[in-house]
Amino acid sequence: MQYVKLQDHTTYNFITAGDVDSLSYLKVVLNQHDLDYCLLSTWCMAAEDILQVRQWYEQGRIKKLDMYLGEIFPGSYKIEWQMVQKFYQEHPEAGRAAVFKNHSKIYAGCNYDEGFYFGIQTSADINTNPRTEQGSITVDKGLFEFYKGYFDGIRSFEK
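As numbered in UniProt numbering, residues 1 to 159 make up the sequence shown, in order.
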C-alpha cells in the first residue's frame, strides 16, 4: 500500500467497514515519521496492541509514550494491565500510564526536528472491532498541543 504524504494543516478523514483498529491510523503516521513523543488514549486494548507499541518504543520509532486508559482497564483487562505496568517498570523513562474515567480514542504526537505534529481522533478503540468506525488524522501543531495539554493534567486512579 502506498500512503499519501501527510501535509501540514490537513485533515484526512476515514470510514471503515469493520476490522480496522485505531492503531492502523498510527501506523500510517509511523510509515512517514518516527516520533519523539506520542500519547494514546483508549478505553481498552488487546495484548498484541501493547506488544506492538512496546516494539515501536524499543526500536526507537516512538521515543516517549504516554498511555491513558479507561477505568475498566485494570479490572477487566488484567493481563493487559500487567503488561502495561511491566513495560513502564522496565522503561521508566518511556512515559506514564494513567487510568481515569476515559472513553476517548485519541493519539497525539510529534517529531520535533521535522516540525511534524498530529492528532488522531477515532471512534474505534485500539483493539480491532468488526463494526463500522470513523476516524481522522489531522496534521496540526495546535491540535497536538490541545490534546497534550489536556492529558498532561490527568491524575491516574492507579499507580
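Keep in mind that the hints were calculated from the coordinates and are not lab data.
Honestly, I wouldn't trust all of these hints.
Below, a list of computed lysine-lysine pairs in the PhoX-like style, where the Cα atoms sit at most 20 angstroms apart [said to hold, decoys possible]: (1) Lys78 x Lys63; (2) Lys27 x Lys86; (3) Lys64 x Lys141; (4) Lys27 x Lys78; (5) Lys148 x Lys63; (6) Lys5 x Lys148; (7) Lys64 x Lys78; (8) Lys141 x Lys86; (9) Lys27 x Lys101; (10) Lys86 x Lys64; (11) Lys5 x Lys27; (12) Lys64 x Lys5.
Beta-carbon label-pair distances, calculated as ranges [stated by the list, open to error]: (13) Ala47 x Glu158: 14 to 24 angstroms; (14) Thr10 x Gly75: 12 to 22 angstroms; (15) Gln55 x Pro92: 13 to 23 angstroms; (16) Ile15 x Pro92: 21 to 31 angstroms; (17) Tyr150 x Tyr88: 15 to 25 angstroms; (18) Arg61 x Phe14: 14 to 24 angstroms; (19) Arg131 x Arg155: 27 to 37 angstroms; (20) Ser136 x Asp36: 16 to 26 angstroms; (21) Thr132 x Cys44: 32 to 42 angstroms; (22) Tyr88 x Thr10: 15 to 25 angstroms; (23) Ala47 x His9: 31 to 41 angstroms.
Predicted model, so just to flag it, every value in this text is computed and none were measured.
Don't be surprised by glycine CBs; every beta carbon is placed ideally from N, CA and C.
Tell me, in ascending order, the numbers of any earlier hints that this structure violates. 1, 2, 4, 6, 7, 8, 9, 12, 14, 16, 21 and 22
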